[in-house]
Amino acid sequence: MLDRLRFVPARLLQSVPVVFGVTVVVFFMVHLLPGNPALTILGQTATPDRVAALNTQLGLDKPLVDQYFIFLGRLFRGSLGDSLTYQRPVLELVLQAIPITLSLLVFALVLSLVISVPLAALAATAPGRGRDLAVRVFTLLGQGMPQFWVGIMLILLLGVKLRLFPVGGYGMTFGEHPYYLFLPALTLAIAMSPTTIRSLRASTINVLGSDYVGTARSKGAAGVSLFRGHVLRNAAIPTVSIIGVNLGYLVGGSLVIEKVFAIPGLGSLMINAIFTRDFPTIQAVALFVALFVIVVGILTDVVYTLIDPRVDLSSKERA
Amino acid sequence: MTTAVATAARAMRRPARSRSLRPWYRNGTLVAGLVIVGLLLLAAVLAPLLTPFDPIEQDLQNALQSPSGSHWLGTDKYGRDVLTRLLYGARVDLRIGFLAVLIPFVVGSVLGALAGYFGGWFDVVVMRIVDVFFAFPFYVLVIVLVFVLGAGESSIYLAIAAVSWVSYAKIMRGELLVAKKQDYVVAARLGGMSHGRVLIRHITPNVLSQALIYAMSDIVMDIMAIVTLGYLGLGIAPPTAEWGSMILDGQEFITTQFLQATIPGLAVVVTSLGLSLLGDGLSDLLSPERRK
Amino acid sequence: MTRSTRIRSAGIAAVAAVTLAACGGGSSGGSSSSAAGSSGPVEGGDLTIARAADIISMDKTTTFDNNSIYVMEQIMEPLFTVSADGTKVEPWLATDYAMSDDKLTYTIKLRDGVTFSTGAPMTAKDVKFSIDEDTKTGADGWGFINTAIDSVEATDDSTVTVKLKYPWAPLLADLSLFSNGVIPADYGGKTAEEFYQAPVGTGPFIWNEWKKGQYVKIDKNPDYWGEKGPYLDSVTWTVVPDANTRKLQVQGGQVDIDEFPDWSSFSSLKDSPGITATAFPSTRIDYVAFNEQKTPFSDVHVRRAIAYALDRESMVKSVLYGNGSAADSLLSPGTPYYAKNPDAPNLDVDKAKAELAQSSAAGGFSTSITINAGDPNQASVAQIMQSELKELGITLEIKTLDPTALKQARNSGDFNMIISGWTMDIPDPDEWTSFAVDPEGGSHSAYTYYDNPEVIALNKQAQAETDDAKRADLYQQLQEKTASDAWAAYLYYSPYAYATTDKVQGFHVTPLGNYHLEDVYKTQ
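Residue numbers (this note's numbering), protein chains in the order written: chain A, 1 to 319; chain B, 1001 to 1292; chain C, 2001 to 2524.
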C-alpha cells in the first residue's frame, strides 16, 4: 500500500522550484503595479515629497532585486514581513482570513456534491432519455454562467425578494457563519457541479455496464441500495481527481465571489491589498494560494491511489 | 480553472460513443451550437441595422425607463437603450473572446508540441514554467496582470495570453507523448524524414483537433474573464457597451430595475451555451473514437 | 460652560436637520438628543454601522484614512471641536483660552475632572505630550498641521501655553484636529506601536477589538466626563465593500447605519419604509482638474471654455440624484469664509464657444480624462462631459485607472484632466487653499500646476490675518480670482449620505464628516 505512495516525496521535491518560481513571478509582477502604498496611506494629502519620504521609510526606494532578496531572506527565516497599510505582521492577516475562505470552500464542495450526485445518478440511469438531456442542459447552463452574475441573481432572488438569506457579510458569531456563507457557497457549488456531474455520469454509466454490477443485480440488489453500495463507490474514483482540480479552480472563483458577498476571506484581502499596493500581503496570499493548489494536487493523487488499487502514479506518463 | 475545463472537455467527450459515421449536419449538438453562435455573430455584425438607437448617445431625460414599445428592454441610467447596448456589447465581447484565444493557442500549442516531441531539458523547463502558472488560479493571475498593464483591450489580450497558453501546452504535450510512439511516426523517422517534417506533416494534423476542441471552451472562459473584468471595473473603458460593465452598472438598480443586471448575464449564458455545444459537437466529429 | 456648549451644538444640529429635510424633500433624520419627542434617550443597545472599507490604523498622528479617523474620534478627544454646523471652533477638553497681544502666545485652560478610560486624570502634561508627538511626525504624518507651533508648555496641571513662530489664525482649528487628540503622557508607559493597538483616551467609548477586514468594535466608557451619554453599549463598524449589499443590509435591519450609500442607493433608501436617509451638508468640493503643464490647458480661455460647457445642474440631477448643489467656488458652503460667487462660470454654451474661439485651440482638440475605475460617479461625470464637450469640437477620451495608479498618474503629472475632490479636516479654509493654489503647499497647486502670484499673496495674507472681517474679504477675493482663472472646473457640492433605521436617534454628522456617537441612542 505505502509502496504505491512513493511518488509523494518526488512530487514534493518537484514543487520546490515551482514555489520558488511563484515567489519570483508574484514579486516582480506586483512591483510592476503602477503606484505605491504611500499614495494610499497618505490619502488626500499625499504630496510627492511626503510620498517619497514614506517610501524611504518603508524601504521601497531600494532597487527591486535587493528588495526581492530581502523578501526571500525573510521568507527563509519564516517571516512574511509586515503589511504596509496595517503595519502588522502579514501572517496575522492571512491566518485570520484563511479559515473563512477554507470554510467557504468546504461548504461549497459539500453543496456541490449534494447537487451533483443525485443529478448524475438521474442522468446515468437513463442515458439519452429526457432526464439525461435535462441534466445535460443544466450542466451546460451552469458552465456558461459568470459566477459573479450567479451570485447577484441569488442575492436578488433569495436575499432581496424572498428574504431567506443575508445579502452579504460573514456574520459575527460562530452560529451565524453557515447562514451567511450559504449563498456564496451555493454560487460556487453551481459553478463547480457541471464538471462533477459530467464525470460522475460518465463513470456511473461505465460501472453500471460492468460485470460486478450485473452480479450484484443477480443476487437481488436493486434501486438505491445497489446504487449506494456498489455503483457510487466505484464511480466516484475518477471524480475524485476532478474534484481536486476543481478545488484549485474554486480558490480563483472565491476571489470574485468574496467581493460580491463581502466576505472577509483571502480573496478580499488580496483584492484590497492589490488596490492599496500592499506588496507583502499580495505576496503572502499568492504564496498561500499556490501552496494550497499544489498540496491539493498531491493530496488528490494520494486519495486517488488509495481508493483505486489499479492506479500506480509512479509509472505515470501523461502529465 | 484551465485544467478544470480541460477535464470537463474530456469528461464531456466520454459518453460520445461512436457516432462518427453520421454526416456533420446530422450531429444535433454541432448544429445547435452552430446556429446559436451564428445568430449571435449575425446580431453583432448587424447591430447598427437592428436598432435605431445609438449605444453611447445619452438621453438623460429618458433615463431608467421600464421596457416599452420603443425600448424593448428599457433604458439605463444615461437613457441609453439596453437592447442596443446588448447588441453592441456582443461585438466587443465576442471579438475579444475570439481574438484572445489566438495567441495562447499558437504559442501554447507550439511549446507543448516541442516539449512533448523532443523531451529532455526543454520539456523539463517548459513544464516547470507551466506548473508555476498552474499554481495560480486563472482569475487571480488575469486580474493582477490587468492591474499591472492597466485596463483596456490590449491588456486583456496580453493577460489572457500570458495565462492560458499553459493549457494548450499541457494538452499538446500529452498528445505528442502518445503520437510520437505511433507506428506511422516511428516509420517516418526511420524513413529518414527530418524532425520538422515529421512534426508538421504527420503529427500536427492528427493532434491539433484536441487543442481545437479545447479552444471552444477556452473562448467561453475568455468571455467570462472579460465580463468579470468589466464587472470589476477593469475591462473596457466606458462608455463602450460591454456585457460585464452593463452588469456592474445594472447592479446599482437591482431592487428597482432588475432586468438591467439580468439581461447581459443571460447574453453571456446563451453565448457560452452555443460555444459549449459547438465544442461538444466538434469533439464528436473530430475524435469520436477517443475514450479518454 | 460644559452644558451650554453641548446644548448649543445640539440645537444647531436640530436646525440643520430640519432645514435639510425641508430642501431634501425626504426624511426627518438627524434629530438631536432632545428633539426625539416622546421618551428621550434610551440607555443600552448595540449599534452596527456598515461601511465600504476597513480601518487602517488607530495612530492619530499618521493616519489619513477617514474610516479610521471616525473611529478614533470616539476614543481620543481634542482640546477644541468643530461646531455642529462646521463653521466654528468650540471648547471641548479645554474650557477657555486667551491670546496675547502679539498674537504669538495662547494660554489654554483645561476642563476639570476629565479622566482617561484607565481612570487616570487628564493633565496639562498629557496635552503637551499629545501635541508634541503629532508635531514630531512632520512630513510623515499630520505634523505639518502644527508647523506654526513653536512650543507647548504645561504651565500648571490645568493650563497649557502654546507659543507660535508667527501669527497664525487657524491655530484653534488645528488644535481641533483629531491628530492633536489627547492621550496619556508617554503612552501610559507603552511604546507608540503597542499603545495604538488598543488606544486609550478620554472619549465616550473605549477600544474593544479589531478583526482586520471584518469589523472594529468599541464599548461604552461608563465613566465618561460628559454629562450626557454615551447611551449605547457598543458600536461596531462592519466592512461591506459593495454599496448595494450595504443598502440591502440596512433595509433588512441587519445593520443600523449605512455609511455613504451611493446616490442611486440613497434615493431608493429614501423611499424605504423604516429607513431615514439623510444628506448631511459637507465640505466636499468636486472639480475637474486641468494639467496646466500641458497644452492647451495652460491657456485660460480653454479652461474657461470647458468650465462654461458643463451643465452642473444636470450633473447634480443624474450623478447625485438631486442631492447636492452646483459648485461656484473652490470652497464649499460648509467651510468658513465661503462666499457665494454668481460670476463663477456656469453653463453657457455661447460663452464656452466664444472662449474657445479666442483660445489657442480655436478649432477644438482631442484630449482625455482619466477616471477612477471603480467610481460610478466619476464614470457618470466623464460620460456626461464627453457628450457636452463634443458640442465645442473637443473630443474627450475616457481612460480608467485603479485608484492607486490614478494617484500615481496625478502625482507625476501624467494626465490631461482628472476628476478630484477635497474634504476639509479642520474648520478653516487654509489647509485646502494652501494645498490648492500655492505651489509651495507641496502638491503643485493640487497637481494643476496653477501658479498665480496674486492668488498666492492673498492666501499668505489670509493665513496671518486674525481679524475676522478682513480675513473674510481676503478669502472672497481669492475665491473670485480662482474662479475667473478657471483654476479648475467646479462640478458640485455633494453632501454626506447616511441611511439609518428609524430606531437610530441623535445621529448627526458635521460638515467635516465627524460624528459624536455619545449623542446617539436606539429606541425600542
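I should point out that these hints are in silico values taken from the structure, not numbers from a laboratory.
Owing to the predicted nature of the structure, the values given are computational and were not obtained by experimental measurement.
For glycine and all other residues, C-beta sits at the position ideal for the given N, C-alpha and C.
Treat the hints with care, since some could be wrong.
Chain C is faced by these chain A residues, among others (derived, beta-carbon under 7 Å) [stated by the list, open to error]:
{"no.": "1", "residue": "42"}
{"no.": "2", "residue": "45"}
{"no.": "3", "residue": "47"}
{"no.": "4", "residue": "50"}
{"no.": "5", "residue": "52"}
{"no.": "6", "residue": "166"}
{"no.": "7", "residue": "167"}
{"no.": "8", "residue": "171"}
{"no.": "9", "residue": "175"}
{"no.": "10", "residue": "264"}
Hints the structure violates: just list their numbers, smallest first. Checked against the structure, the hints that fail are numbers 5, 8, 9, while the rest are satisfied.
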